[in-house]
Amino acid sequence: AQSVSQHNHHVILSEAASLELGCNYSYGGTVNLFWYVQYPGQHLQLLLKYFSGDPLVKGIKGFEAEFIKSKFSFNLRKPSVQWSDTAEYFCAVTSSGGSYIPTFGRGTSLIVHP
Amino acid sequence: KAGVTQTPRYLIKTRGQQVTLSCSPISGHRSVSWYQQTPGQGLQFLFEYFSETQRNKGNFPGRFSGRQFSNSRSEMNVSTLELGDSALYLCASSVQGEDEQFFGPGTRLTVL
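For the protein sequence lines, the chains are A and B, in the order given.
Just so we're aligned, residue 8 is where the first sequence starts under the working numbering, counting upward by one.
Just so we're aligned, residue -3 is where the second sequence starts under the working numbering, counting upward by one.
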């Protein structure tokens, strides 16, 4: 069974600090990778996704993530966070092709102080 | 396009009762997935329906069931409610299932 680990459960940063949220998955086959974000009081929404091709993917609001297959990782980064980035971030994995069960990490709560 | 809608938004039930939650996906989306979100466990996948068939199922007891109608709307039913069923239940739709999921606002279920 596949699993997703998000190492940082709570992160507190000041504005303009750099952000990196870790995500590791366990699955031996081909995967699709996602980062979702849930802003306070809002729905979960897609931040970025990786299906194939360039392992460095760019998402909305200046976020990017790098897929490193050898490390089974898909870390999320942003060079300079803003107060409006305060939210909960979820990494998710689905297996590519055929039957799948999407697996989410437990989430990382990010608080950015102005 | 209208987003994913879920009704009701809030629900309070007592142990032993049953509950039905409803989800209307984005028009054109054939896949509907249900998740249970709790502070301690994050998002746990319940099941996915595609073209009226349950295509995938998570690791939840048989008290949790669902169905999908021909217009892709989906319902989730929980029977014999337990205190531990208190959670936010999220519905998500996508075109095919493996791609980006669009989430609804959720139904907050409280079991007393």
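Because the hints were derived from the structure by calculation, they are not lab data.
Built from N, CA and C at the ideal position, the CB exists for glycine as well.
One should not assume that every hint holds.
[Said to hold, decoys possible] Here are some of the chain B residues that sit facing chain A, going by a computed Cβ distance under 7 Å:
1) Gly38
2) Leu39
3) Phe41
4) Glu48
5) Gln92
6) Phe99
Verification of the supplied hints:
With 7 Å as the threshold, the beta carbon of Gly38 of chain B comes within range of chain A, its nearest partner Cβ sitting at about 4 Å, so the hint holds. A least Cβ separation of about 4 Å between Leu39 of chain B and chain A falls short of the 7 Å threshold, and the interface hint therefore holds. Taking 7 Å as the C-beta cut-off, the interface hint given for Phe41 of chain B holds, the closest approach to chain A being about 5 Å. Restraint check, Glu48 of chain B versus chain A: the minimum CB separation of about 17 Å is more than 7 Å; hint violated.
Interface hint status for Gln92 of chain B: violated, as the beta-carbon distance to the closest one in chain A is roughly 10 Å, over 7 Å. The criterion of a C-beta within 7 Å of any C-beta in chain A is met by Phe99 of chain B, whose closest approach is roughly 4 Å, and the hint holds.
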